[in-house]
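Let chain A serve as the given structure and place chain B on it in line with the hints.
Here is how the chains run, residue by residue.
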Amino acid sequence: MNNIPTSEFAVRRPPAVSVKTPRNPAQAGNGNQLMADSFSVYYGPFEAVKKVSCAFPVGEVTALIGPSGCGKSTFLRAINRMNDLIPSCHVKGLLYFGGKRIYGPKLDVTVLRRRIGMVFQKPNPFPKSIYDNVAYGPRLHASCSRRDLDERVETSLRKAALWDEVKDRLQANALGLSGGQQQRLCLARALAVNPEVLLMDEPTSALDPKATAAIEDLIDALRGAYTIIIVTHNMQQAARVSDLTAFLYEGSLIEVGATSQLFTNPKEKRTEDYITGRFG
Amino acid sequence: MTIHFIKEVNLLKDMILELSGRVEDQLGRAVRSVMNRDVSAAQQVLEDDHAIDQNEVDVEEECLKILALYQPVAHDLRFIIAVLKINNDLERIGDLAVNIAERTLFLSSLPTATTSFDFPAMAMKSQMMVRQSLDALLRQDIDLAIRVREADDEVDEMNREMYEQIKQGIRKEPDRVDALIHLLSISRHLERVADHATNIAEDVIYMIKGEIVRHRPEPRLE
Numbered sequence: 000m001n002n003i004p005t006s007e008f009a010v011r012r013p014p015a016v017s018v019k020t021p022r023n024p025a026q027a028g029n030g031n032q033l034m035a036d037s038f039s040v041y042y043g044p045f046e047a048v049k050k051v052s053c054a055f056p057v058g059e060v061t062a063l064i065g066p067s068g069c070g071k072s073t074f075l076r077a078i079n080r081m082n083d084l085i086p087s088c089h090v091k092g093l094l095y096f097g098g099k100r101i102y103g104p105k106l107d108v109t110v111l112r113r114r115i116g117m118v119f120q121k122p123n124p125f126p127k128s129i130y131d132n133v134a135y136g137p138r139l140h141a142s143c144s145r146r147d148l149d150e151r152v153e154t155s156l157r158k159a160a161l162w163d164e165v166k167d168r169l170q171a172n173a174l175g176l177s178g179g180q181q182q183r184l185c186l187a188r189a190l191a192v193n194p195e196v197l198l199m200d201e202p203t204s205a206l207d208p209k210a211t212a213a214i215e216d217l218i219d220a221l222r223g224a225y226t227i228i229i230v231t232h233n234m235q236q237a238a239r240v241s242d243l244t245a246f247l248y249e250g251s252l253i254e255v256g257a258t259s260q261l262f263t264n265p266k267e268k269r270t271e272d273y274i275t276g277r278f279g
Numbered sequence: 000m001t002i003h004f005i006k007e008v009n010l011l012k013d014m015i016l017e018l019s020g021r022v023e024d025q026l027g028r029a030v031r032s033v034m035n036r037d038v039s040a041a042q043q044v045l046e047d048d049h050a051i052d053q054n055e056v057d058v059e060e061e062c063l064k065i066l067a068l069y070q071p072v073a074h075d076l077r078f079i080i081a082v083l084k085i086n087n088d089l090e091r092i093g094d095l096a097v098n099i100a101e102r103t104l105f106l107s108s109l110p111t112a113t114t115s116f117d118f119p120a121m122a123m124k125s126q127m128m129v130r131q132s133l134d135a136l137l138r139q140d141i142d143l144a145i146r147v148r149e150a151d152d153e154v155d156e157m158n159r160e161m162y163e164q165i166k167q168g169i170r171k172e173p174d175r176v177d178a179l180i181h182l183l184s185i186s187r188h189l190e191r192v193a194d195h196a197t198n199i200a201e202d203v204i205y206m207i208k209g210e211i212v213r214h215r216p217e218p219r220l221e
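Line order of the protein sequences matches chains A and B.
Here numbering that gives the first Met the number 0 is used: the first residue of the first sequence is 0, the next is one more, and so on.
Here numbering that gives the first Met the number 0 is used: the first residue of the second sequence is 0, the next is one more, and so on.
Okay, chain A solo, but in the shape it has when bound:
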């Protein structure tokens, strides 16, 4: 499937960090801690995300689940300010990354997006070579030598478990890759700029079961090194890959907790009804 060694008997660690938002998020932001404090996102007058407060533990995988239109993708995109491109979109409340306000006036969005990478639902490689796709970010963010760049491309492709499949055709057009390979290339492209957080918006919804399993194995291999937030409609996927699961409904965060607890014994009836398919 891929060459990342993963133990079948790997012990899933319980979430190491409290999911509650600390009283003073600015002080509590340890390293690259990401947290929301009464954070809302509006499209014009419509409040798509309603006063969400939660912390995303460093190095853990958090799944965002909820029915279509519940605001999970909007929330995810707000984290690296992708919604800035939508004119009617504005935010209220606070969103912190490493103790700094993501929507603060002094924040450099380019730096933010280097530190917080994103992988989208549909693979979207540039119409360039495989090599250039991965080298695109490092070239943009830092001047590095050809040798450094080669190394960065190889490392990123290895992390994305794609290196063995493409090492002999790095100059081939990326659009010639299969859907699953393209998605792993997009992941390699995101990893190439050494982000601390990876946002994934339904990264496997366009992939077949084998390619889905490859991406899920990757998420497992990247756990610990990156804080990962994944939006998924696939309940089993959320249960398989995440340490924490957050359930959003009509823009509000209904419940957040350890995945093992949320899928066996959720506290909120709405969570139970959603995950058991009784609505949504």
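These are calculated hints, taken from the structure and not from any lab test.
Everything numeric in this text was worked out from a predicted model, so none of it was measured.
Among the clues, some could well be false.
As the list claims (entries may be wrong) - Here are a few chain A residues that sit away from chain B, every Cβ distance over 12 Å (derived from the structure):
no.: 1; residue: D83
no.: 2; residue: V108
no.: 3; residue: R114
no.: 4; residue: L148
no.: 5; residue: V192
no.: 6; residue: L261
Stated by the list, open to error - Per label pair, the in silico range of CB-to-CB distance:
no.: 7; chain 1: A; residue 1: L84; chain 2: B; residue 2: L63; range: 46 to 56 Å
no.: 8; chain 1: A; residue 1: D207; chain 2: B; residue 2: I211; range: 35 to 45 Å
no.: 9; chain 1: A; residue 1: K268; chain 2: B; residue 2: M123; range: 52 to 62 Å
no.: 10; chain 1: B; residue 1: F4; chain 2: A; residue 2: G43; range: 32 to 42 Å
no.: 11; chain 1: B; residue 1: L63; chain 2: A; residue 2: T154; range: 13 to 23 Å
no.: 12; chain 1: A; residue 1: L84; chain 2: B; residue 2: T1; range: 36 to 46 Å
no.: 13; chain 1: A; residue 1: R277; chain 2: B; residue 2: V56; range: 23 to 33 Å
no.: 14; chain 1: A; residue 1: G178; chain 2: B; residue 2: D57; range: 55 to 65 Å
no.: 15; chain 1: A; residue 1: D207; chain 2: B; residue 2: V56; range: 28 to 38 Å
no.: 16; chain 1: B; residue 1: K6; chain 2: A; residue 2: H232; range: 19 to 29 Å
no.: 17; chain 1: A; residue 1: P44; chain 2: B; residue 2: E17; range: 38 to 48 Å
no.: 18; chain 1: B; residue 1: T1; chain 2: A; residue 2: F45; range: 30 to 40 Å
Glycine residues also receive a C-beta, built at the ideal position from the N, C-alpha and C atoms.
Relative to chain A, chain B alone:
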């Protein structure tokens, strides 16, 4: 959840109820066979055990099918897991009923011991625990399940008393030792029946609350 899933779960409920009914009947018949030295009733218990075994396999296959096809979560998952485990306990109670009936067959050929002990009380208590644990499953009644757990201590105590009584009986009537040892076995089987009823009650508590209460002191009812 899909209509298919609801249909499958309803089918599983019917299957586990059928198995429960069979097991209760078998246990009742086995107990009566001992009390009345009724060999034909004991034979009937032995003959009917295969139906319980078949029911157990069917329930397990249905549970596996639901797990594979629907990957249930939350209460749905806990229900399937509880049924899988209760299924196993019911089949074991069925086997214990067979063991008790076999003692009847042995006892029927032996002279009756004059040592008296309260076998009906213990049998009634164990049977009641089985019935209540299944009622708790049917009605999702957590208080009833907790009461079943509490009752297990009483049956354990009865078993200990039975042991003492039989020990004294052997001293008093050493020529009836065979019959008395069979009676001791019956007491032990009834105590095991109560243990399985307790397991069922604990699985019902897990199903309702999502909390594994095994190996913990019993929570007392208010």
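Consistency of the hints with the structure:
1. D83: Given that every Cβ of chain B is farther than 12 Å from that of D83 (chain A), nearest at about 36 Å, it holds.
2. V108: holds (38 Å)
3. R114: Per Cβ check, R114 (chain A) is outside 12 Å of chain B; nearest 34 Å; holds.
4. L148: holds (44 Å)
5. V192: V192 (chain A) is indeed farther than 12 Å from all Cβ atoms of chain B, at 36 Å.
6. L261: Given a closest Cβ separation of 8 Å, the condition is violated.
7. A:L84 with B:L63: 46 to 56 Å: holds (49 Å)
8. A:D207 with B:I211: 35 to 45 Å: The hinted range 35 to 45 Å holds for D207 (chain A) and I211 (chain B), with Cβ atoms some 38 Å apart.
9. A:K268 with B:M123: 52 to 62 Å: Violated: the Cβ-Cβ distance is about 40 Å, outside 52 to 62 Å.
10. B:F4 with A:G43: 32 to 42 Å: Hint holds: Cβ distance 40 Å, inside 32 to 42 Å.
11. B:L63 with A:T154: 13 to 23 Å: Given about 44 Å between the Cβ atoms, the range is violated.
12. A:L84 with B:T1: 36 to 46 Å: holds (39 Å)
13. A:R277 with B:V56: 23 to 33 Å: holds (31 Å)
14. A:G178 with B:D57: 55 to 65 Å: With Cβ atoms ~42 Å apart, the hint is violated.
15. A:D207 with B:V56: 28 to 38 Å: Distance hint for D207 (chain A), V56 (chain B) holds at roughly 35 Å.
16. B:K6 with A:H232: 19 to 29 Å: holds (24 Å)
17. A:P44 with B:E17: 38 to 48 Å: violated (58 Å)
18. B:T1 with A:F45: 30 to 40 Å: holds (32 Å)
Going down the numbered hints, you'll see the structure goes against 6, 9, 11, 14 and 17, while the others check out.
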